[in-house]
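Student: Chain by chain, the residues:
Protein chains: 2
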Amino acid sequence: MADCAICCGVTGTWGLLPVVSPAPVIAQVTNTSQFIVHVLVSERFRLAEITIHTVENRGAMVEEVTTPDFDTYIAEQSIDAVEICPGWVELIWSDGQISRFHHIWLRDNCPCADCVHQGTKEQMFELVAVPADIHPLRAGVTAAGSLAVNWSSGDHTSEFEAAWLRANCYRDQARRDRVHQQITWDANTWSVPPTFDGLAVLADDAALYEWLIALRTYGATRLRNVPCTDIAIGDIAGRIGIVRETNFGVLWDVWSEPNPVTNANTALPLPPHVDLPTREYQPGLQFLHCLENEAIGGDSILVDGFRIAELMRDEHPEHYLTLTTVPWSWANRATTTDYRWRSPLIVTNGDGVVTEVRVGNWLRAPLDVPFDDVERVYAAYRVWFEMSYRPELQLRFRFQPGDLIAFDNRRALHGRSEFTDVGGRRHLRGCYTERDELHSRLRMLERDMRRRAVAAAGI
Amino acid sequence: MADCAICCGVTGTWGLLPVVSPAPVIAQVTNTSQFIVHVLVSERFRLAEITIHTVENRGAMVEEVTTPDFDTYIAEQSIDAVEICPGWVELIWSDGQISRFHHIWLRDNCPCADCVHQGTKEQMFELVAVPADIHPLRAGVTAAGSLAVNWSSGDHTSEFEAAWLRANCYRDQARRDRVHQQITWDANTWSVPPTFDGLAVLADDAALYEWLIALRTYGATRLRNVPCTDIAIGDIAGRIGIVRETNFGVLWDVWSEPNPVTNANTALPLPPHVDLPTREYQPGLQFLHCLENEAIGGDSILVDGFRIAELMRDEHPEHYLTLTTVPWSWANRATTTDYRWRSPLIVTNGDGVVTEVRVGNWLRAPLDVPFDDVERVYAAYRVWFEMSYRPELQLRFRFQPGDLIAFDNRRALHGRSEFTDVGGRRHLRGCYTERDELHSRLRMLERDMRRRAVAAAGI
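So the sequences go chain by chain: G and C.
Under the working numbering, the first sequence has 139 at position 139, and the numbering climbs by one with no breaks.
Under the working numbering, the second sequence has 110 at position 110, and the numbering climbs by one with no breaks.
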């Protein structure tokens, strides 16, 4: 806090106490089992004033604080101290953690009814409506434990629920804690993808949650015991979100046909691939549900494309550079559509983290890159394909009727060995949805858990 | 051609003539109105052999050459000469243009029935099936004018239709010629978006093509005279491709509601925005069709986000850097879904070309970036919003029933002024589809034009 030259604060039942600015003070709150104790102190923690409310009448004393969303936040920590610094407001929490929120960030996130439509929870406030140097005149903690800020412009006061602030703290560690873990795998990790019960997933949100966490973490999962009907796969995908329609339809079949429109619907082997690399928006999640499998051959293959990317980066950095920077071209071959897209095989974000792979042998369009790049691109692609065939990277397993694999289509490459269906059919049903449908569903399940936890605590 | 140390070639009715390698020779073909003249020459154009076929019996003499797709290519130029160079094959065309195709590129694109499934036109060939140093033993032009190549590995011969090769040439100029023009605009360019007749678009492919070229070029268009029914917008979007279902449904309404789930369905002003910046995959195209507009106010606003990006780059390079590299966070506020996404406002591709913008004032989530980035991000966003309000950048016009605006949702920001519907309703219908549906439809229309041109020429 040494870099905070100007501090002011106020506390108690916000708006009723006399303003104590510009004297440098800090609002400090401690929460005991019996009392909420509001302590107005200087920056050297000089005791200035104490307001005590019993916990019992707390609910009646303060208005409910709103958040700019429909979520529920669990107040595990309270705000011990508030300090207004030149560019930000600093909060010290009851566990000692410090959060710093910039003035403009706080003003921008004001959840009041003038700033946020209370029916939609969407902002009406616009940045350009306030000066860039807007800053707090006063800041303190209310009787409800919220942060209240009175602004230098617009005669405006904002009140922020403490737990919402804590959940949106952007200090480095808090930001790291919000990153979801993604764990790569290969044939030494397991022989089949993490497996869950399909009937439980259909019926029970806890089972759904467990499955979806695995899907997000590993990008490949299997369900067993999924009813062998034509629409069951839609029911499973519908547990996550909206099923995406493509040129294949909404729910589609994978089987050997006399007049196929895709190599998937032949008995040919399929090298490890993603579906629809030809689309700008590759489907995020794919589901394949086995209804029949009497064919000879046709083993299923899954390879973690992110693991290949790791190996490529470590073993062949020059190819990794090529695959992350030079686009290949992809094209669907059809008489009704002509989707094409160009993209590097390995896509990374601004931090260099691999976010997706894009590869499918039989959907490669003629390479269209500068002449001098052609040889290095082919060299890199060759190594990619060789790696995707490494036995130690491939899960190989056989579908049983009722099995369903659900995987991140932009991460887990899938394929199959050649088969013959003279003696009996191999019939899968498939569909797609998107990654952000998965993330949305997980957030909604977690929101529901929080809501039930708060309700159970009787808060 | 000075860098070609080893050359060989053969010509005539491919496979029947004696092999003339490894003597350095070039196969040269000229096509007159009466004759196809195959000339076997050295690299110094020494005349070696001439084979003459009359045009009349050409069709009977040669097998039809296949291409690895379902497209039709118009042979405007023929191959005059073929030279095998160490890393590539060089073609000299009848107009003097030179194409160079790497050996591995040609082998990879072999369209024969062993390499490409002739029903699906998808590759069965895999790169790893041939050595990296595969090269032609012989190359020449067939009686049909195609390029034939016999390979050093696999006892394999490939035959490439000349017009297909020309269409897939990857010399720098050819690659530049394939880039679609995108032209930015503002209120000085026009007062309303380029306007087309909706009934014609529904009925006629030529009108459809004209409209879609404008949509691709400018990212904003208007149709008039679209039937005022609830489903007409689906018919219009269906002329392009599959309508995308979102949490708003497939076809949705924009009007002021008593219990809105989005600010769009209030009477509030809407700052220039894209729809669904909260989704990883922002919809590529948006359609808004006016069925009623008796409201006072509610003028429509369109701003070219790519023009703002240009201005930002020129006037505020420091903000441009921030907006292209530091992600903002976006979140939908709902009780049924919780979509969130983080992305820079301006997205550029590997060449620094702006490919999309992502902005919507009321869908901004709490900013979640490293502490030290917060102030510069807010400063840059402020300038973005200020620019989007510049009168000289905003098209402002009033919807009439039957009007439909179709725009690139990731480029053209749309908005509206506040309105009151006490005296009469403002009712729009909307839907989304994707950019690559547009590109696919344009390719299919162009494919159809080529097919009809070839048919009309009686070839």
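Hints are computed from structural coordinates only; laboratory data are not their basis.
These numbers come from a predicted model, not from an experiment.
We put the beta carbon where it would ideally sit given N, CA and C, even for glycine.
Treat the hints with care, as some may be off.
[Said to hold, decoys possible] Footprint (simulated), chain C over chain G, 3 or more residues, beta carbon under 8 Å:
no.	stretch
1	123 to 136
2	142 to 156
3	185 to 193
4	267 to 281
5	395 to 407
[As the list claims (entries may be wrong)] If you anchor each label on the Cβ, the simulated ranges turn out as follows:
no.	chain 1	residue 1	chain 2	residue 2	range
6	C	T229	G	A167	40 to 48 Å
7	G	E126	C	D314	23 to 31 Å
8	C	D448	G	M449	36 to 44 Å
9	G	G249	C	D299	45 to 53 Å
10	C	T229	G	G249	55 to 63 Å
11	G	E315	C	G352	47 to 55 Å
12	C	F397	G	M449	31 to 39 Å
13	G	R396	C	D314	50 to 58 Å
14	G	D114	C	D314	48 to 56 Å
15	G	T189	C	D197	57 to 65 Å
Student: Hint compliance check: list the failing hint numbers for this structure, sorted ascending.
Tutor: 2, 3, 5, 8, 9, 10, 11, 12 and 14
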